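Colleague: Read off the chains here:
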Amino acid sequence: MPKATVTFEDIGVTVTVPAGTRLIEISEKVGAGITYGCREGECCTCLTRIVSGHEHLAAPSILEDQVLKDNLAPRHHRLACQAQVLGGNIVVKPA
Amino acid sequence: MLPSAVRPDCAVAVASGVHWIGALDPDLRSFDIILRTANGTSYNAYAVRGSAGVAIIDTVKASYAESFFRRLESVAGYDEITTIVLNHLEPDHSGALPELLRRAPAATLYVSHQARPMLKGLFDPAEFEHRIVAVGTGDTADLGDRQLEFINTPYLHWPDTQCTWLAATGTLFSGDFLGCHYCDPRLFNDAVGDFRFSFEYYYAHIMRPFRAHVREALDLIEPLPLRTIAPGHGPILRDDPRDYVRRYRALSAPSLHGADSKTLLVFYISAYGATRRMAEAVAAGAEQVGDVRVSLYDIEGSEPQPFVDLIEEADALLFGSPTINGDAVKPVWDLLSSLTMVDVKGKLGAAFGSYGWSGEAVPMIEDRLRRLKLRVPVAGVKARLEPTGDEFAACRELGRQTALHLLGRAEHRVVDMASLT
Ligand code: FES
Ligand SMILES: [Fe+2]
Ligand SMILES: [Fe+2]
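Protein chains in written order, with this note's numbering: chain A, 588 to 682; chain B, 1019 to 1439.
Because the hints were derived from the structure by calculation, they are not lab data. Owing to the predicted nature of the structure, the values given are computational and were not obtained by experimental measurement. Ideal Cβ placement from N, Cα and C applies to all residues, glycine included. One thing to keep in mind: the hints can contain errors.
As the list claims (entries may be wrong) - Once the Cα atoms are required to be at most 27 Å apart in a straight line, the calculated DSS-like pairs of lysine-lysine come out as: (1) Lys1138(B) <-> Lys656(A); (2) Lys1348(B) <-> Lys1391(B); (3) Lys1363(B) <-> Lys1391(B); (4) Lys1363(B) <-> Lys1280(B); (5) Lys1280(B) <-> Lys1391(B); (6) Lys1348(B) <-> Lys656(A); (7) Lys656(A) <-> Lys1280(B); (8) Lys1280(B) <-> Lys680(A); (9) Lys590(A) <-> Lys1348(B); (10) Lys1280(B) <-> Lys616(A); (11) Lys616(A) <-> Lys1348(B); (12) Lys1138(B) <-> Lys616(A); (13) Lys680(A) <-> Lys616(A); (14) Lys590(A) <-> Lys656(A).
As the list claims (entries may be wrong) - Label-pair distances were calculated between CB atoms; the ranges are: (15) Gly1156(B) <-> Ser648(A): 49 to 55 Å; (16) Gln653(A) <-> Ser1048(B): 47 to 53 Å; (17) Ile1052(B) <-> His663(A): 35 to 41 Å; (18) Asp1261(B) <-> Asn676(A): 51 to 57 Å; (19) Gln653(A) <-> Pro1109(B): 22 to 28 Å; (20) Asp1261(B) <-> Gln653(A): 41 to 47 Å; (21) Gln1323(B) <-> Lys680(A): 29 to 35 Å; (22) Glu612(A) <-> Pro1272(B): 34 to 40 Å; (23) Asp1408(B) <-> Lys680(A): 33 to 39 Å; (24) Tyr1290(B) <-> Gln653(A): 54 to 60 Å; (25) Pro1241(B) <-> His663(A): 30 to 36 Å; (26) Ser648(A) <-> Ile1052(B): 33 to 39 Å.
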């Protein structure tokens, strides 16, 4: 299975993960500061800044795009409960 | 009977061209389940008349809609209403909104950008879609000879909250901000009874968890030449409105001084002393790092409230609990459930404790800490019955690592997802 790494800048941890994993699952397991509410891509609580490697995340759904827009999310921000890791190296931190 | 500024079906003048058209709810005894309201509350709504139209600012709880509309009709016709502003969408303010939009077909609704997507929870967006404008700080609504200016003040106490400023009369329509649950028909702060307690109680329960946002809002509001604060609940503050702004500034400022260094608190509760000895090891490990102020507290020694005050100012919180009947013990949950009263988001958390045969307390506390939006970067430590030398060492390491994280000196770790539990 293709592997990727996700680095959580706020706690200084890099995790090797299988492709397809959602950011929130990883964040939860390592105790990073990305917090969540609904886990369904509605509340925007899990807004996360993709410091680098945003191209290694699956493109946002129409719904995620709308929520990001509604909440005035800056560029390269994603919902951790939605964003799926594809491969490569990704660096994130809580928005 | 108390003398009253409020007569049935009549608006009350607040400033030139500004009227109160809200509702009194003297019998309410608890609000949103969590707040006690010893003498009820009020839902304040306002009408502002300009040369080119009338603005309605906020509405009331749905059950008071009819009296709101009658009061409104005493100062304005529906066809004169060009502008509707909702400073906050909670049902106590938005209850009459859909009906107001229907009765005032020429009106445009102004809400904050954050409120815009929430409107679909109130009505079918298709019905009013083309009449909604999302606004932020600096945006205005024109009433001809006077303008309403919007000030984006989110998280007071919902993401959608904003304030509206009418420079022409120096009136700030502040929504829940600077309000309180205090029902008095004399309506104005210089005429009503002593509501200082209600004002403080409201701050403590509604605004305190968002104090960083309170400070940001105050930065925007303090420079205004305020003559009247017209909040969404409680007395209208026309006598020395700045006094209330100063009070919020004081309440939202850090309360403890002398803690220049990062502070780490270790809380524990212990049945036979094992969790207590673990707590001492955790504290000793943190102390080793230096530059961190470490404190140790027995949860049994206090009510939650003073601990909550401490926690609000602290940077890292470690909780030790034995596992009894498959759970952490009640005093720990009592303390953890009190933490919604303050802002703990982003603080560091960790858990530890001894157990007899299962040890669920530690992961349950860690889960709770994550749900409270703390970071929990260091895995907790469990020890069966009396901790061994290795387990004490793990406790010291837990304290040390947490302290290092606090100082930003933790070593960068590389782990595999599969190795994480
Ligand atoms: S947790 Fe609600 S949008 Fe992700
Ligand atoms: Fe509210
Ligand atoms: Fe309210």
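Colleague: Taking the numbered hints from earlier one at a time, note which ones the structure violates and give those numbers from smallest to largest.
Modeller: As far as the earlier hints go, 6, 7, 9, 12, 14, 15 and 16 are violated by this structure, in ascending order.
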